[in-house]
Amino acid sequence: MERRFHCTACGKCCFGWLPLSLDDAIANAGRFPVAMIWTTLRQGAKAFALTAQLGTTFELRNRKRIAVQIAPTAYIPPAFPCPALAPDGLCGIHADKPARCRTMPFSPYREENDQADLLVPKPGWLCDTTAAAPVVYRDKKIVFREDFDRERRALEDQAVPQRAYADRLKTNPEVAAAVEQAAKNPRGGYVVLNFSAILPRLQRVDAAAFSRLQLPVLTEFAERTAGIAELADYHRYYRGNAAGMAQFLARQR
Amino acid sequence: MRARYTAFALGQIDYLADTLAPEARGDFDPIEAGGTASDAVWQSLEVRAITDGGRDDETGSVEFVARFRLRGEPRVHHELARFRREQGRWVCAGGDMNPKAPPRQVVKVGRNDPCPCGSGKKYKKCCGA
Chain A
92 MERRFHCTAC GKCCFGWLPL SLDDAIANAG RFPVAMIWTT LRQGAKAFAL
142 TAQLGTTFEL RNRKRIAVQI APTAYIPPAF PCPALAPDGL CGIHADKPAR
192 CRTMPFSPYR EENDQADLLV PKPGWLCDTT AAAPVVYRDK KIVFREDFDR
242 ERRALEDQAV PQRAYADRLK TNPEVAAAVE QAAKNPRGGY VVLNFSAILP
292 RLQRVDAAAF SRLQLPVLTE FAERTAGIAE LADYHRYYRG NAAGMAQFLA
342 RQR
Chain B
12 MRARYTAFAL GQIDYLADTL APEARGDFDP IEAGGTASDA VWQSLEVRAI
62 TDGGRDDETG SVEFVARFRL RGEPRVHHEL ARFRREQGRW VCAGGDMNPK
112 APPRQVVKVG RNDPCPCGSG KKYKKCCGA
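Here the protein sequences come in this chain order: A and B.
Numbered as in this note's numbering, the first sequence ends at 344 without a single skipped number.
Numbered as in this note's numbering, the second sequence ends at 140 without a single skipped number.
Everything labelled a hint here was simulated from the structure, so no lab data went into it.
Cβ coordinates follow ideal geometry from the N, Cα and C atoms, glycine included.
Check before you lean on any hint, since a few could be wrong.
[As the list claims (entries may be wrong)] Here are the in silico distance ranges between beta carbons for each label pair:
1. A/170 - B/63: 54 to 60 Å
2. B/29 - A/178: 22 to 28 Å
3. B/117 - A/134: 56 to 62 Å
4. A/277 - B/50: 30 to 36 Å
5. A/170 - B/80: 31 to 37 Å
6. A/272 - B/139: 45 to 51 Å
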């Protein structure tokens with residue numbers, strides 16, 4: 092079984108949320124407004140074991156155990172283009188774009204043998220999957236696997252600090268209630284949490300340097316989402332985190 | 012603990028960071044704490060239980076309930092906080108939110124046991140009748 096795929100650089104997937112590796116999130120602090128997004132996954136789902144290994148698990152009140160994916164994410168409304176998408180419709184940072192963009196359409200958050208549906212272009216996307224495109228997936232194996240392997244390795248490397256962060260945070264009653272609520276969605280729900288909560292666990296990351304880069308980005312997105320009812324959650328996140336960071340930076344002086 | 016509550020209410024986040032034991036530092040996000048501290052209207056602090064933490068102790072714990080309003084919503088923070096003396100100074104070594112009280116132990120009186128009222132009769136012939 093062979094699947095063909097060729098990216099035509101249509102830019103249609105350069106909108107909305109973008110999961111990032113922890114390193115990419117830090118490196119792009121001056122570009123993307125980052126949040127920590129927890130996504131629930133029910134037991135029996137194909138990616139359960141992998142998600143539990145890369146993220147964490149959580150016991151619901153009904154004693155069922157779910158897996159939780161923990162993903163630093165460029166938290167951008169679905170209708171907003173990536174800030175790095177240039178006016179010519181191409182990526183403005185192609186040479187050093189995030190690992191997630193390089194691996195597209197494959198996803199290391201899933202098992203390698205469970206990638207076939209990701210090769211079907213979403214409605215409106217102009218990906219080339221005709222006979223003219225190269226074979227990228229053969230017998231459930233990825234043909235050009237460098238980017239996939241690199242991103243998977245990054246996820247494995249960050250699993251340790253992320254689990255320490257998550258295992259502490261999930262004892263917080265408010266977080267636990269939000270996860271419980273998200274898990275009610277059979278297809279998986281999500282919880283958006285402040286990215287800053289993981290910073291104290293990253294020894295080589297300077298929270299002040301991160302905040303100096305992130306604050307103007309949050310401020311800009313807060314302005315762009317102000318007064319739009321359907322983006323109220325986004326606006327609240329940007330504004331709340333910008334306020335916390337502004338005060339944090341003021342105390343540094 | 013009272014000093015830390017006061018520091019929170021006054022927005023003195025550096026004091027909060029400074030009075031944490033090294034192992035609790037990773038749990039403390041000064042960015043979020045600052046945002047919460049400035050948006051919260053503090054209402055009360057109730058100390059429910061204290062264990063150790065006296066002049067001759069090296070450790071102690073305090074169970075407390077802090078009530079505040081955050082962006083208009085009433086919030087309750089109930090924590091069993093652990094403290095440790097480090098170089099003569101008390102530092103917070105973490106805590107558990109919404110601690111559960113230890114399970115209540117109830118001694119059941121069997122019907123043929125002597126009655127707890129002290130009459131000397133069997134329970135079933137006395138109070139348990």
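These are the hints, each one checked on the structure:
Separation of residue 170 of chain A from residue 63 of chain B is about 57 Å and conforms to the stated range, judged on CB atoms against 54 to 60 Å. Remark: the range hint 22 to 28 Å for residue 29 of chain B to residue 178 of chain A is contradicted by a beta-carbon distance near 49 Å. For residue 117 of chain B paired with residue 134 of chain A, a C-beta distance near 36 Å fails the hint of 56 to 62 Å. Our hint of 30 to 36 Å for residue 277 of chain A and residue 50 of chain B holds, since their Cβ atoms are close to 35 Å apart.
Here the CB-CB span from residue 170 of chain A to residue 80 of chain B is close to 34 Å, well matched to the stated 31 to 37 Å. Against the hinted window of 45 to 51 Å, the Cβ-Cβ separation of residue 272 of chain A and residue 139 of chain B comes to about 47 Å, which satisfies the hint.
Hints 2, 3 from the list above are not met by this structure, while the remaining hints are.
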